[in-house]
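Asker: Dock chain B against chain A, hints included.
Each chain, letter by letter, is given below.
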Amino acid sequence: MRWLRFSFLLLVVAFVQGSSLPDIVAVTKSGARPDFLLILLVFFALHCYGYEAVITSFAIGFAADIVNQAIGPYLISFGLFGAFLGSMRQVIAIRRTLHVVGTVVASGIAAGLLAQLLGLIKGQSWQPDTFSLLLGSAIYSGLLAPYIFSGLLSIIDWLGVKKYHFTR
Amino acid sequence: MFSWLMIGALICLFLPQSLTDRLHVTFLSLYKFTPSLGRSIPLAAIAPPASDAGNDDEQARRCRQLESEKRQLENHLANLSAELAAEHAKVEKLAAMRSRFPGLAGAAFIDADVITGLKGGDRQIMINRGQADGIRNGQYVLANNSVIGLVHETWTRTSLVKLITDKTSSIAVEISGSKAVRVMKGSGKDYARIGMVPSSKHVSRGAAVYTYKNPGLLDVPVIVGKVAECKHDDDNPLLWDITVSPAVKADELISVTIVVMNPPKQE
Numbered sequence: 061m062r063w064l065r066f067s068f069l070l071l072v073v074a075f076v077q078g079s080s081l082p083d084i085v086a087v088t089k090s091g092a093r094p095d096f097l098l099i100l101l102v103f104f105a106l107h108c109y110g111y112e113a114v115i116t117s118f119a120i121g122f123a124a125d126i127v128n129q130a131i132g133p134y135l136i137s138f139g140l141f142g143a144f145l146g147s148m149r150q151v152i153a154i155r156r157t158l159h160v161v162g163t164v165v166a167s168g169i170a171a172g173l174l175a176q177l178l179g180l181i182k183g184q185s186w187q188p189d190t191f192s193l194l195l196g197s198a199i200y201s202g203l204l205a206p207y208i209f210s211g212l213l214s215i216i217d218w219l220g221v222k223k224y225h226f227t228r
Numbered sequence: 051m052f053s054w055l056m057i058g059a060l061i062c063l064f065l066p067q068s069l070t071d072r073l074h075v076t077f078l079s080l081y082k083f084t085p086s087l088g089r090s091i092p093l094a095a096i097a098p099p100a101s102d103a104g105n106d107d108e109q110a111r112r113c114r115q116l117e118s119e120k121r122q123l124e125n126h127l128a129n130l131s132a133e134l135a136a137e138h139a140k141v142e143k144l145a146a147m148r149s150r151f152p153g154l155a156g157a158a159f160i161d162a163d164v165i166t167g168l169k170g171g172d173r174q175i176m177i178n179r180g181q182a183d184g185i186r187n188g189q190y191v192l193a194n195n196s197v198i199g200l201v202h203e204t205w206t207r208t209s210l211v212k213l214i215t216d217k218t219s220s221i222a223v224e225i226s227g228s229k230a231v232r233v234m235k236g237s238g239k240d241y242a243r244i245g246m247v248p249s250s251k252h253v254s255r256g257a258a259v260y261t262y263k264n265p266g267l268l269d270v271p272v273i274v275g276k277v278a279e280c281k282h283d284d285d286n287p288l289l290w291d292i293t294v295s296p297a298v299k300a301d302e303l304i305s306v307t308i309v310v311m312n313p314p315k316q317e
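Chains as they are written, first to last, in my numbering: chain A, 61 to 228; chain B, 51 to 317.
Okay, chain A solo, but in the shape it has when bound:
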């Protein structure tokens, strides 16, 4: 992994996530927005080797925390689920588009819920529409994931990611 390039990519994605662009493409009445950092998390967790998957997961979680204005909740949540996905990948191959969508949706809901719960420690309040927003965001991200994955796959060599080959 070329960490400088990865950092640059992460900064760009965090910048986009923190900008008004996701609001522009937000859907539903509650304003469900795509979570590009979540898609990035699943992508690197599924395409990196052990310790690289863990580091990238924590790094993406840190970026998500900066965007969401409370350091800690997403750092733990994304780190945990990124590492979990990385280890799961050694058992289950997630290659088909439908599997990718399902993984992103499931990760989005689980990681988002955990982050929200941890956010309570940081004094953040639990809004009535939190779950619907999480669900909407996870589904939206899941639907976008295959397209963004194909874009990320085209720069995977530039990032220096050693491709993981699933072996049984």
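Derived by calculation from the structure, the hints in this document are not laboratory data. We treat Cβ as the ideally placed atom computed from N, Cα and C, and that holds for glycine. Do not rely on the hints blindly, as some may be mistaken.
Distance ranges between label pairs, derived from CB positions [what the hints assert, rightly or not]:
hint: 1; chain 1: B; residue 1: T76; chain 2: A; residue 2: L213; range: 28 to 34 Å
hint: 2; chain 1: B; residue 1: L127; chain 2: A; residue 2: W186; range: 34 to 40 Å
hint: 3; chain 1: A; residue 1: I152; chain 2: B; residue 2: L123; range: 54 to 60 Å
Answerer: Using the frame of chain A, we list chain B on its own:
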């Protein structure tokens, strides 16, 4: 590796918010290059750190209050802009009127809107200017550069204008070409009548009828209407019975101008 990172993450989680706010502010500074991309949410990070969870509600309430004030100010600005545009239009209209009546150089023109138009057989209109604006009984009321009537009754903010066609209206006029000054009386319909004009005077159909100058109220002749019909009086064939058609149709009036010949000096 995972354990160390997780310990670090837990430490970050329990760090006071005030210590981590700088990171957010640094991140937000990226948006200063593209302000249009920034979201409103990050503004909360710049606010003073919350001492406890209860302050979130306070901040949310304050945020709602500020948004409400912003909307109020935006609406106020929109109202002021509309008012300014209307005032500009009035100034242009009055400036044009001054240039058309150079004899009324010292007079003031008060622009007024018609509140209620003609009702039934009455040839009277209500306008939205009154005593507070310097309107007094007997002042001349113009519309489309012609006299349409006189102020009949005034209140603080409104006035009643009796049109020249009102049955009780009488106004001194002069028919162009005849040099005859006579009283024009309203008919209660869409025209007025001039009587007592000797048939020896030449009056042609279509001749303009002007107000006779009335010092202190209107110092220059202003058109009132045109002669629509001129025939011998049934009772006295030696006199003309003249029908005058007003220069402005009363039912088309939207705004009028009142002439104040001696306006009070502004301090």
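Asker: Look at each hint and say if it fits the structure.
Answerer: Going through the hints against the structure:
{"no.": "1", "hint": "B:T76 <-> A:L213: 28 to 34 Å", "in the structure": "holds, 32 Å"}
{"no.": "2", "hint": "B:L127 <-> A:W186: 34 to 40 Å", "in the structure": "holds, 38 Å"}
{"no.": "3", "hint": "A:I152 <-> B:L123: 54 to 60 Å", "in the structure": "holds, 57 Å"}
The structure shown violates none of the earlier numbered hints.
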